[in-house]
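Join the two chains into one complex using the hints; note that each chain is given alone, in its own frame.
Single-letter residue listing:
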Amino acid sequence: DTGVSQDPRHKITKRGQNVTFRCDPISEHNRLYWYRQTLGQGPEFLTYFQNEAQLEKSRLLSDRFSAERPKGSFSTLEIQRTEQGDSAMYLCASSFGQATLNEKLFFGSGTQLSVL
Amino acid sequence: GESVGLHLPTLSVQEGDNSIINCAYSNSASDYFIWYKQESGKGPQFIIDIRSNMDKRQGQRVTVLLNKTVKHLSLQIAATQPGDSAVYFCAENLGTSYGKLTFGQGTILTVHP
Chain A
1 DTGVSQDPRH
11 KITKRGQNVT
21 FRCDPISEHN
31 RLYWYRQTLG
41 QGPEFLTYFQ
51 NEAQLEKSRL
61 LSDRFSAERP
71 KGSFSTLEIQ
81 RTEQGDSAMY
91 LCASSFGQAT
101 LNEKLFFGSG
111 TQLSVL
Chain B
1 GESVGLHLPT
11 LSVQEGDNSI
21 INCAYSNSAS
31 DYFIWYKQES
41 GKGPQFIIDI
51 RSNMDKRQGQ
61 RVTVLLNKTV
71 KHLSLQIAAT
81 QPGDSAVYFC
91 AENLGTSYGK
101 LTFGQGTILT
111 VHP
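Quick note, the sequences are listed as chains A and B, same order.
For the first sequence, position 4 (counting from the first letter as 1) is numbered 4 according to this note's numbering, and the numbering increases by one without interruption.
For the second sequence, position 11 (counting from the first letter as 1) is numbered 11 according to this note's numbering, and the numbering increases by one without interruption.
The shape of chain B in the complex, shown without the other chains (with noise of 0.2 Å):
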C-alpha cells in the first residue's frame, strides 16, 4: 500500500552543524504534512506542520520544505544541537480522517558534541 517514507535511517552531525532530514511519499492526495520528535522513553513530541498548499514553512530554527512534484519533504534543523539527538518521522494526512496520520519508519539523528 501507500506509504510514508524515508531515505536515511541514521544520520549523525557534530554540534553547529545543519542537518537535513529526508522523507518521500507516495500518496498524492495527502494534504498535510508534520514532523515529529521522539526522545527515548517518550511519545512523539510535534515540532512542525505543513499543508499541501505551501511550499516552505519555517519555525525556530527548523525548517519543512514540501515539494509535491517528486512527492519530497524534508526537514532542516539549524545549528543542530546535542538536544535534537532523537529519531525523527515525517506523518502525512491522507485527508480522510481527523487526526488519522500515517507515520514513516523514522531517521535517528546523533549529535556529537
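Next up, chain A with everything else stripped away, as it sits in the complex (with noise of 0.2 Å):
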C-alpha cells in the first residue's frame, strides 16, 4: 500500500489520559498536514510540517497538542489530558511540495478518537 497509513485506526480513551498517533506520508511526499474532522463536518487544519519543520499551527491546536516529524518522514501528534471535546477524527495527509500553493492533499483513513 503506498498510500497515507495511520495508526491507530481507532481510539479510545478515559478523560485526562494522554495519546499518541501515528502517520506514515507517502514516501516521496515531503509536506505533512493534520486534520480534525467532527461528525458531520469538513475536516479542519490543524498544522503542517514541511519536512521536519512545523510551519504552521491552528489555533484549534492547542498548547495539549503537540506534533513531531523528526527526521521529515512519518509524524505523530500527541494529546495530553484528553477531553471529551476532543473527540474526532484525527486526519493526516501529505503533499509532494511545489512551487505553487495549488497542491494536491492525499489523506488517510484518519484515527477515530473516542474520549470517555
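Don't read these hints as lab results, they were simulated from the structure.
Any given hint might turn out to be false.
Computed, partial: chain A to chain B, Cβ under 7 Å [to be verified]: (1) Lys11; (2) Tyr33; (3) Gly42; (4) Gly72; (5) Ala88; (6) Leu91; (7) Ser109.
Derived lysine-lysine pairs resembling DSS-like cross-links, with alpha carbons at most 27 Å apart [to be verified]: (8) A:Lys57 to A:Lys71; (9) A:Lys104 to B:Lys71; (10) A:Lys57 to A:Lys14; (11) B:Lys42 to A:Lys104; (12) B:Lys42 to A:Lys57.
On a predicted model such as this, the values are computed, not experimentally measured, just so you know.
Glycine included, every Cβ here is placed at the ideal spot set by N, Cα and C.
Spelled out as C-alpha cells, the structure:
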C-alpha cells in the first residue's frame, strides 16, 4: 500500500489520559498535514510540516496538542490530558511540495478518537 | 468568518442520472478549489481540482465549474453509479499557506440502483 497510513484506526481513552497517533505519508511527499474532523463536518486544518519543520499551527491546536516529524518522514500527534471535546477523527495528509500553493493533498483513513 | 458552504446537505439520484453538487464560497481571495469524496470510515479522496484562472475542468465522469462572479463551485458527476454514494466536500485554499484547506460542510450523495 503506497498511500498515507495512520495508526491506530480507532482509539478509546478515558478523560485525562494521553494519546499518541502516528502517520506515515506517501514516501516521496515532503509535506505532511494534520486535520481534525467531527461528525457531519468537513476536516479542519491543525498543522503542517515541510520535511521536519513545523511551519504553521492552527488556533485549534491548544497547548495540550503537540506534533512532531523528527526525521522528515513519519509524524506523531500527541494529545495530553484528553477531554471529551477532543473526540474526533484525526486525519493525516501528505503532498509533494511544489513552488505553487495549488497542492493536492492525499489523506489517510484517519484515527477515530473517543474520549470517555 | 469567511467559509465555504454547500447549498444542499443531501442529494438522492437514480443510477445512471447525472448529479450536480453545489458549493458557495465567500472569500474572493481563494485561488484553488478541490472536490473530495469521503466514504464511511475513510479519509477524503481527491476527485478533481480547479484553479481560479479557469472556469471549467473535466475529469473522468466528473466536471467542476467555477463561477467567480457569484463565488459558486459545482461538481457534476455523469452517469452516477451506486459506488458514487458518499459525502462530497468542496475545499478552498485561500492562497496563504501550502495545503491549508478550508472545507465546506459536505453533501451526502445517495445513488439508488
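Numbered hints the structure breaks, given as an ascending list: 1, 4, 5
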